[in-house]
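K.L.:
If you read the sequences in order, they're chains A and B.
The letter at position 31 of the first sequence is residue 31 when you use the working numbering, and the numbering goes up by one with no holes.
The letter at position 347 of the second sequence is residue 1347 when you use the working numbering, and the numbering goes up by one with no holes.
Source of the hints: derived by calculation from the structure; they are not laboratory data.
Heads up, some of the hints might be wrong.
Pair by pair, the computed Cβ-Cβ distance ranges are [to be verified]:
id: 1; chain 1: B; residue 1: 1349; chain 2: A; residue 2: 74; range: 20 to 28 Å
id: 2; chain 1: A; residue 1: 173; chain 2: B; residue 2: 1349; range: 16 to 24 Å
id: 3; chain 1: B; residue 1: 1408; chain 2: A; residue 2: 202; range: 53 to 61 Å
id: 4; chain 1: B; residue 1: 1308; chain 2: A; residue 2: 24; range: 31 to 39 Å
id: 5; chain 1: B; residue 1: 1408; chain 2: A; residue 2: 17; range: 56 to 64 Å
id: 6; chain 1: A; residue 1: 74; chain 2: B; residue 2: 1045; range: 54 to 62 Å
id: 7; chain 1: B; residue 1: 1399; chain 2: A; residue 2: 220; range: 44 to 52 Å
id: 8; chain 1: B; residue 1: 1376; chain 2: A; residue 2: 12; range: 54 to 62 Å
id: 9; chain 1: A; residue 1: 116; chain 2: B; residue 2: 1279; range: 21 to 29 Å
id: 10; chain 1: A; residue 1: 20; chain 2: B; residue 2: 1308; range: 36 to 44 Å
id: 11; chain 1: B; residue 1: 1404; chain 2: A; residue 2: 211; range: 19 to 27 Å
id: 12; chain 1: B; residue 1: 1006; chain 2: A; residue 2: 73; range: 35 to 43 Å
id: 13; chain 1: A; residue 1: 24; chain 2: B; residue 2: 1021; range: 51 to 59 Å
id: 14; chain 1: A; residue 1: 220; chain 2: B; residue 2: 1006; range: 28 to 36 Å
Every residue gets a Cβ at the ideal spot worked out from N, C-alpha and C, and that includes glycine.
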Amino acid sequence: MKILEVENINKYFYDPIRFKVLEDISFSVEKGKLMSMIGKSGSGKSTLLYILSTMDTDYQGKLWIDQELVTGKKNDALAEIRNNKIGFVFQFHYLLQEFSCLKNIMIPALKLGIASKEAIEDKAMKIMEILDIKEQALKPANKLSGGQQQRVAIARALINDPAIIMCDEPTGNLDSKNTAIILDIFKNLTKEMKQTIITVTHDESFALQSDEVIELKDGHLI
Amino acid sequence: MKNINKDIAVTYLITGKRMTLIATIGVLIGMSLYIFMNSMLVGFDRISNDTIFKNSPQIRIFKDDAISQPLYQEEGVQNIIINPKIVPASDAIDNPNEIINLIQKEDFVTTISPQITTTVFYNIGKLQVPGTVTGVNPEQANQMFNIKSNIVEGDFENMNNNINAIALGRGIAKNLSLSIGDNINITSSKGVSRNLKVVAIFKTNNTILDKTKSYINLNAAQQLLLQGNTYITDINVSIKDPEKATIQGQLLSKITGYKAESWLEANESIMAAFKMRRLVITFVSLTILIVAGFGIYNILNMTVSQKINDIAILKAIGFKGKDVISIFLTQALTVGFIGIVGGILLASLFIAILQTVYIGGDIGYFPIGFEVQKFIQGIIIGGLITFLAGYLPAKKAAQVDPISIFRK
Ligand SMILES: Nc1ncnc2c1ncn2[C@@H]1O[C@H](COP(=O)(O)OP(=O)(O)O)[C@@H](O)[C@H]1O
Ligand SMILES: [Mg+2]
C-alpha cells in the first residue's frame, strides 16, 4: 500500500532570483519501508521534505498521504493531518526546552485529544522504554545529551501512531555511535512495527541499510 | 484539546516568572491608579458641586430685562421704534404663588425657595458699607443652600419668623465690629431704613461674598423695598439630578414664561475649569493604564521571539494558528486578570486609607469614595487593553512560518 505519493512536483524560489529548485518529482513510498533521500547539499532535499510534510504549500503538483489528496487543503486541515498522520524528527532535535521529556512526547497526543491523559502517559512511557530513555522521562529536555534528545524526538514522532515519519538529517549532529543507535531504531520500527519512514541523510551507512534510496541532483530525481 | 494550550501557556508563565511578575505589577499599578484617580475625581466633582450649590441655585427663575416694543403692531406696517431701551418695569415676578404652584407640579423638582435680592447700605453711626441683602424664607433657603453648615456664630434657626433678624457675612461683622445680639441699621435703595438684630454670622468660602452678603426674612425685604407680600424677584429651584439643570431649566422657562438659568450656565467659567480637571485626570489615568498595556505587549513580544522555535515545532506537530493565539493570549489574560484583581485591591486600600485623612476647612475628610462605576470602568478598559496587548503578539506568533525557522 502506498503511504505517500507525489506526482510532478515543481517548485520555484523567487528570492533573490527566480529559480526552479524542484523539477518534476514523482515517487511513492510503500508502507513499512525505510526510505533515504540523499543528494549534495543544496540539491533540494529539505525543500522537498517540507512539501511532503504539508508545511510548504507553495508548489505545483500533487501530494497524497495515506491515500488522501493533501494538495489544496486549508491550513487548519493540514495541521490536523500533521498531528494525526505525520511524525517529525529534525537535525536540531527541536524539543520544547522548558518541558520534561515525557511532556514533550505527550504533547502531540494531548493535542489530538482522543486518549485520556493517563493512557497517553502510559503509551509515552512504553515508547521511552523501547527507545531506552525511560530514565530521562522527568528531566527537562535541555538536560539531555544530543543522542538522547533525538530519541525523545523520535518518541514524540511515534506517539500518535503516524502513517509516516519524516526526518531531516536526524543523525547530522550525532557521533557514529549514536547514529548507529538511531539507524537501529529506524530499522526496528520499519521491520517490526510496519512504520513508514522517509529520511533525508548524508550518512552513507544509513543510506546503504535503507529499503529504498532516492537521490536528488539540482532538483531532479536520478 | 484546549487544555494543552493552557498547559503550555501556564508553563511559559511559570518558567518566565520574572517577566510575568513585572507585567503583572505593571497592570496592577496601572489599574489601581486608574480606579483611584477616577474615584478621586468623582469626589472632587462632588465637593465642587456642593460648594457651588451652597451659593448658587441649581435653577434660578427670574424676569429677564425686556426691551421696549413698538406701540402698534400691524401687519404690513413698518414698525419704527426710536431709541429702544430696557423697559423700566419692575423686575419682580408678577404672580409668584401661581408660578411656584406650577413648578411644584414637576416631579424632578425637589426644593423651591423664593427670594429677593437687593442692594443696601449697612450703617453703623456715620459709617456706611454697601452690600446686598437676600430676603428668604429661612427654612427653605437653608434646605437649598445648607446655610447652617456655614454658620460660625449664633444660630440660623433664630431667623425663623423673626422679621427683625439678620444673618451677616463674617466680613461685614468684622468690619463693623458686630457680634451676636448687636443691632445694625440698613438702608435700602428706596431710602427705607430698618434696625435689625444680628442672630447669626456665616462664613462661605468666598471672602468677597462674606464682606457684602446678609440674609433677612422675605417680609423684611419686601418692606425695605416698599412692596407687598407677593413681591418676589427670584424663584430658586433644586432638582433631583443637577446635571440636567440646563434642559430642565428650559422646560421650567417654557412653563412659567420667565427666564430660567441653570447653575451650569451661571458658573460657566468654573465649569470650564472643572472640565479641564476632568480631562487631565482622565487622560493621565488612561495613559497609565495604556503604559501597563505596553508592558504586557512588550513582554509577550519578547516571549514570542524567545519561543519562536517552540512555535515552529508546535505548528509542525499540528497546532493550528488559533491554538498558538490561544497559548499567548492565555498568558496575557492571566497576567491581566491577576493584575486587575490586585489593582482593585490596592485601589480599595488607597481609598480606604484616604477616606480617614482629615483635610479640614469646608472639605472635612478627603473627598473620595468607592465609586462602583469607576471600578467597573477600570475593569472593562483594563480588560480591553490587556486583550489587545496580548492579541497583537499572539497574532504575530500564529503567523510564524515554521519552515523559515527550521532552515536557520
Ligand atoms: N527560502 C528560500 N529562498 C530562496 N532560496 C532558497 C530558500 N530555501 C532554500 N533555498 C535554496 O534552494 C536550494 C535547495 O535548498 P535545500 O532544499 O535546503 O537543499 P538541501 O536540503 O538539499 O541541502 C538551495 O540552493 C538553497 O539555497
Ligand atoms: Mg537540508
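K.L.:
Between residue 173 (chain A) and residue 1349 (chain B), does the beta-carbon spacing fit 16 to 24 Å?
P.N.:
56 Å, violated
K.L.:
For residue 1408 (chain B) and residue 202 (chain A), compare the CB-CB distance with the range 53 to 61 Å and indicate the outcome.
P.N.:
Cβ of residue 1408 (chain B) to Cβ of residue 202 (chain A): about 19 Å, so the range 53 to 61 Å is violated.
K.L.:
Measuring from beta carbon to beta carbon, are residue 1006 (chain B) and residue 73 (chain A) in 35 to 43 Å?
P.N.:
Given range 35 to 43 Å: violated, Cβ gap about 28 Å.
K.L.:
Falls inside 21 to 29 Å, the C-beta gap from residue 116 (chain A) to residue 1279 (chain B)?
P.N.:
Cβ of residue 116 (chain A) to Cβ of residue 1279 (chain B): about 58 Å, so the range 21 to 29 Å is violated.
K.L.:
Taking 20 to 28 Å as the hint, is the beta-carbon distance of residue 1349 (chain B) and residue 74 (chain A) inside that range?
P.N.:
52 Å, violated
K.L.:
Do the beta carbons of residue 1308 (chain B) and residue 24 (chain A) sit within 31 to 39 Å of each other?
P.N.:
34 Å, holds
K.L.:
Measuring from beta carbon to beta carbon, are residue 220 (chain A) and residue 1006 (chain B) in 28 to 36 Å?
P.N.:
47 Å Cβ-Cβ, so the 28 to 36 Å window is violated.
K.L.:
Can you tell me whether the CB distance of residue 1399 (chain B) to residue 220 (chain A) sits inside 44 to 52 Å?
P.N.:
33 Å, violated
K.L.:
Confirm or reject the claim that residue 20 (chain A) and residue 1308 (chain B) have a C-beta distance inside 36 to 44 Å.
P.N.:
30 Å, violated
K.L.:
Please test the hint of 19 to 27 Å on the beta carbon pair from residue 1404 (chain B) and residue 211 (chain A).
P.N.:
32 Å, violated
K.L.:
How does the Cβ-Cβ distance of residue 1376 (chain B) and residue 12 (chain A) compare with 54 to 62 Å: does it lie in that range?
P.N.:
With Cβ atoms ~57 Å apart, the hint holds.
K.L.:
Between residue 74 (chain A) and residue 1045 (chain B), does the beta-carbon spacing fit 54 to 62 Å?
P.N.:
Hint holds: Cβ distance 55 Å, inside 54 to 62 Å.
The structure fails to meet hints 1, 2, 3, 5, 7, 9, 10, 11, 12 and 14 from the earlier list, while all remaining hints are met.
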